[in-house]
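Enquirer: Here is how the chains run, residue by residue.
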Amino acid sequence: MSAHSIPTLHLRRERIILPIWLAGLTLLLTAAGAAISREFGDERERAALAAVAAGNPAFLFLRGLPDGTGVGALVFFQTFAFLAVLIGLMNAFLIVRHTRADEERGRSELLQATPISRTAPLTSALTVALLADLVAAAAVTAAGMLLGFAAWPALLFGLALGCVGLAFAGLSAVAAEVMPTSRSANGLAASLVGVAYITRGIGDALGTADSLDSVSPSWISFLSPIGSAQAAAPFSTATPLPLLVPALLGAAGAAAAVLLRRRRDLGQSLLPDRTGRALWSNADAWRLAIRSQRGVTTGWAIGTAVLGGLAAALAPVVLAAAQANDDLAALIRRLAPGLAVETADLFTVALLGIAGTLATASGVQAVMRLRAEESEGRAELLLPSPLPRSAWMGIQLAVAAGSAIIVALAAGVAAGVGSALVEGTTERLLIPLAAVLVHLPAGAVFLALTAAAFAFVPRLTVALGWGLLVLGLVVGQLGDLIGLPSWLQAASPFHHVPAIPMEALDPAPLLISLAAAALVAGAAVVQLDRRDLVS
Amino acid sequence: MLTSDHPIVVRALHKHYGATPALDDLDLTVGAGEVHGFLGPNGAGKSTTIRILLGLIRATSGSVQVLGRDPWPDPVVTNRDIAYVPGDVSLWPNLTGGEIIDLLLSLRGGGGPGERARLIDAFELDPRRKARTYSKGNRQKVALVAALARPAPLYILDEPTSGLDPVMESVFRAEVRRIRNTGATVLLSSHMLSEVEQLCDRVTVIRAGRVVETGRLDDLLRNAPTVFRVIGVPAEAVIRVPGVTGVHSSGDGIEFAADSSAIPAVLHALHSFNPSSLTATPPALETLFLRHYETARS
Ligand SMILES: Nc1ncnc2c1ncn2[C@@H]1O[C@H](COP(=O)(O)OP(=O)(O)OP(=O)(O)O)[C@@H](O)[C@H]1O
Ligand SMILES: [Mg+2]
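Chains as they are written, first to last, in the numbering used here: chain A, 1 to 535; chain B, 1001 to 1298.
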C-alpha cells in the first residue's frame, strides 16, 4: 500500500459522517443568521441587545463577546462559541476514529504491516482533519456571504472556526496517543473542548467593558483556543493575528503526537496496563455493566460538578452586573419583549441546563455500550447463557439512567453547596438540584430512543443515538435562535423542561416524557428478542 | 427421530442474508454422547448454523431442536445446558482473564472452583492479566476455561483450537475426551483434520450451506479411496477400471486413487504388467475431505 492511499482510505470511510458534520455546522449558522436578521432587523434593537450582553457576564460566559451592532456581528456573537465547540468535537472524534480506535480494533495492524511509515495513519488522519477544517472554513465563509456579510469578515469568521478545529485536531491526536482506549481518548479530547469553552467563558465574563456594546476579555480567554479565535473579532477590529494561537496549538499538538507515535509500540499507550485480580467472586451482569460504566460516568460527573461550581461562584458577579444595568434591562424589555433578562437566575439555569444535557449524553453513551458489546463480538459470549436479552438491555438501561442521575446530581449538589458557601445561607441549597434534575425526564426519552435504535436498526445505533440527541437540543433549545416554528419546537422533550426557578414546575410534561420513554424502551425490549444478533 | 437421544436435530434449515443463502437446506443430527465433527470450507455456514443453535440468530425456515426445544423462542432455557466457545473470541479489554472466566461461569450458574483452577493450570493461563494484553491463543484459552469449568450436557465449540500451540491442543484434546467420558455431547467445528480424526465419532461436512458428507468417521474412512503409487506400469493399465480416479504419471511411475470396492480389480489389472514397486497409502481424512474443499472452489 502506498503512503498516499491511506488518506484515500480514511476519506472513503468519512464519506458519510464528515459531510453530515459539515452540513450540520453550516446549516446551523445559516439558520441562526437568517433568524437573527429577520428578528433584529432594526439597528436600535441590535444595539440594545449588544448592550445588554456587554453588561451581563452571564451572556458573556455562555455566548462570548459582542462584536459590534451589525447583523454579522450579532450572528458571530450568538453562534461562534457554540460552533467552535461543535467543530472541536468534530475534529476530536475524527482523529480518534482513525488512530486509537483503529489500533484498538486491530485494523491498524493490517495497515502497519505494509511498507508505510509508523506514523502514516496518524499524519493521514491529521491531513483529513486539515482538509475538513478548510472545507468548514470555506463553507462558513460562503454561508456568511450568503447572509450578506462583507467578504473579509465572512472569511475571518470561517478561518477562526477552522483554526479552532485545527487546535483540537492536534490536541486530540495527543489524547489518542496517551489514552489506552478509543473511549477514554474521545473522553479526554471532548473534555478538552469543554475546558476550552469554559475557560473562554470565565475570561469573557471577567472582561472589562470598553463602551456600552464592547468588552475586552480578560487574559484568561487567551488561554483557550476558542477565546483566542474569538479575538479575531471579524466584525470590529478584524485582525487575523490571534488566530495564530489555535493554529500553533494545533501544529504543536500534531508534532507532539507524531513524536509520541514514533516512540511507542502499536497498540500501546503511555499509560501502562497493570495486572489485576485473578478472581471475581460475585461477578454478574449487573456488576459487569456498572464496572464498564463507572470510569466514564466519573469523568462526566467531574465535568458537570465543575459547571455547577462555576454557576455558584459566578452568580454574585452576574447579579451585581445585572443590578447595575436595571435601566437598560427595562429598555430591552420594551424593545424586544420575550428576551429574558432575569440575569443571575438565567445564568444558573443556562449552566445547569448544559449539565442536564451532559447528564443525558452520559446516559445515551451508556446505552450505546450495548451496540459496542454486539459489534465487537462480546455479546456472543454473554448471550449464549441463561441471561435473557431483555435482562441484558434492562440492566444496561438502568445503569445508563443511573449514570445520567449521578452526573446531574454532581452538578446540582456542586451548585447548591457552592452557592450556600458563596452566599452564606442554605436557603437556596436545593434549587439548583431541582433545576438540573428536571432535565432528566426529557433525557430519558433519548436514552429510550437510543435503545430503540439499537433494537430496530442496530448498525445505526451510534449515529441515531447522537443524531437524535443533537436534533432534540437544536429543535428544543435553539429553536428560537434559528427561527423554527413553535409546533416543531414543542416536539422536542427538551422544549418542555421548566427553567427552575424562573418558571414554575408543571409535572404534566415531565410525566408525559417519562411515559413516552417507558413506551419506547418497552418497544425496544420486545424488538430485541425478535432480531438476529448482527456484527 | 427421538430428540432425547439426539441433542441436536436440524431439518431443512435455511438462512438467507438478503438474497444470498448462507444455509441452503441443511440437515444435521448429533446423537447423545457423541463427539460430532462439523467441517467445511471457509464460509460454508458452520458458524451460522451454530449461532442458530444458540438462538443468537433466527432461521429463515426449517426446524431446529436443541436438547428437545426450539432455541429461538426462548434461548435462555436451552442455553442453561450449553457450554459454548465462539469462533471469534473477543473479550472485555479492561477485565482480567480470571474475572472474565468468573463472569461467564456465574452467568451460567457458577462453576466448581477446583475445576476452574485445574483448567487455568492445565492451559497455563495467567488469569491476572488484562484481556487487552492477551495474545490470540490466550484469549482463546479464556473462552475455553470458561466453557469447560462447568459441566454441561452439550458443548458447542466453534474452532476451539484456533491460535493454540501444539501442547495446548493436546491439553484441549484430553479435555474433550474427559467430557466425553462423562456422557456429554460435543459439536466440534474445526479445520484441524488431525484433531477431528482423533476426537470425533461422527462428522458432517458442509459446503455452501448444504451437507455433502455425513456419517461415522470409521465408515467414511473404510469407504474412502486408497492412494496407489506404482512403478513400471503404464497409465492405460488402470485407467478404465471402474472406481479408479485421478490417474496421472509421477516421476517414473503412476499415481491414482481407488475406491475400496475397486481394489480387487486394480490388483488384477496390475498383475499382468509386472510392477517393480507398489505403495498403497491407506485412506486419510485429508484425502477424503480435500475433495469437498477443492470442488468448492470450482
Ligand atoms: N451477517 C451476515 N450478513 C451477510 N452474510 C453473512 C452474515 N453472516 C454470515 N454471512 C455469510 O454466510 C456464509 C456462512 O458464513 P459462516 O461464518 O457461517 O461460515 P463458516 O463456515 O463458519 O466459515 P469459517 O470456516 O471461515 O469460519 C458466508 O458466506 C458469510 O459471508
Ligand atoms: Mg466460522
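No wet-lab data here; the hints were simulated from the structure. For every residue, glycine included, the Cβ atom is placed at its ideal position computed from N, Cα and C. You may find that some hints are simply not true.
To be verified - Pair by pair, the computed Cβ-Cβ distance ranges are: (1) B/1286 x A/394: 27 to 37 Å; (2) A/290 x B/1163: 25 to 35 Å; (3) B/1219 x A/106: 53 to 63 Å; (4) A/114 x B/1275: 32 to 42 Å; (5) A/290 x B/1165: 29 to 39 Å.
To be verified - Chain B is nowhere near these chain A residues, computed Cβ spacing over 12 Å in every case: (6) 7; (7) 34; (8) 134; (9) 152; (10) 268; (11) 295; (12) 417; (13) 466; (14) 518.
Enquirer: Look at the Cβ atoms of residue 290 of chain A and residue 1163 of chain B and judge whether their distance stays inside 25 to 35 Å.
Expert: 31 Å, holds
Enquirer: When you look at the beta carbon of residue 7 of chain A, is every beta carbon of chain B farther off than 12 Å?
Expert: 28 Å, holds
Enquirer: Just to be sure I understand the hint, the distance between the Cβ atoms of residue 1286 of chain B and residue 394 of chain A should be within 27 to 37 Å; is that true here?
Expert: 50 Å Cβ-Cβ, so the 27 to 37 Å window is violated.
Enquirer: Does the Cβ distance between residue 114 of chain A and residue 1275 of chain B fall inside 32 to 42 Å?
Expert: Violated, since residue 114 of chain A and residue 1275 of chain B (Cβ atoms, about 53 Å apart) do not stay within the stated range.
Enquirer: Verify the CB-CB distance for residue 290 of chain A and residue 1165 of chain B against the hinted window 29 to 39 Å.
Expert: 36 Å, holds
Enquirer: If we take the beta carbon of residue 152 of chain A, is the closest beta carbon in chain B still more than 12 Å away?
Expert: 50 Å, holds
Enquirer: Is it correct that the beta-carbon of residue 466 of chain A has no partner in chain B closer than or equal to 12 Å?
Expert: 23 Å, holds
Enquirer: Check the non-interface label on residue 518 of chain A: least C-beta distance to chain B beyond 12 Å or not.
Expert: 24 Å, holds
Enquirer: Is it correct that the beta-carbon of residue 268 of chain A has no partner in chain B closer than or equal to 12 Å?
Expert: 10 Å, violated
Enquirer: Would the least Cβ to Cβ distance between residue 417 of chain A and chain B come out above 12 Å?
Expert: Residue 417 of chain A clear of chain B: closest Cβ-Cβ about 32 Å, beyond 12 Å.
Enquirer: Mind checking the hinted window 53 to 63 Å against the Cβ distance between residue 1219 of chain B and residue 106 of chain A?
Expert: At roughly 42 Å between Cβ atoms, residue 106 of chain A and residue 1219 of chain B fall outside 53 to 63 Å, so the hint is violated.
Enquirer: Holds or violated: is the Cβ of residue 34 of chain A farther than 12 Å from all Cβ atoms of chain B?
Expert: 43 Å, holds
Checked against the numbered hints listed earlier, the structure breaks hints 1, 3, 4, 10, 11; every other hint is satisfied.
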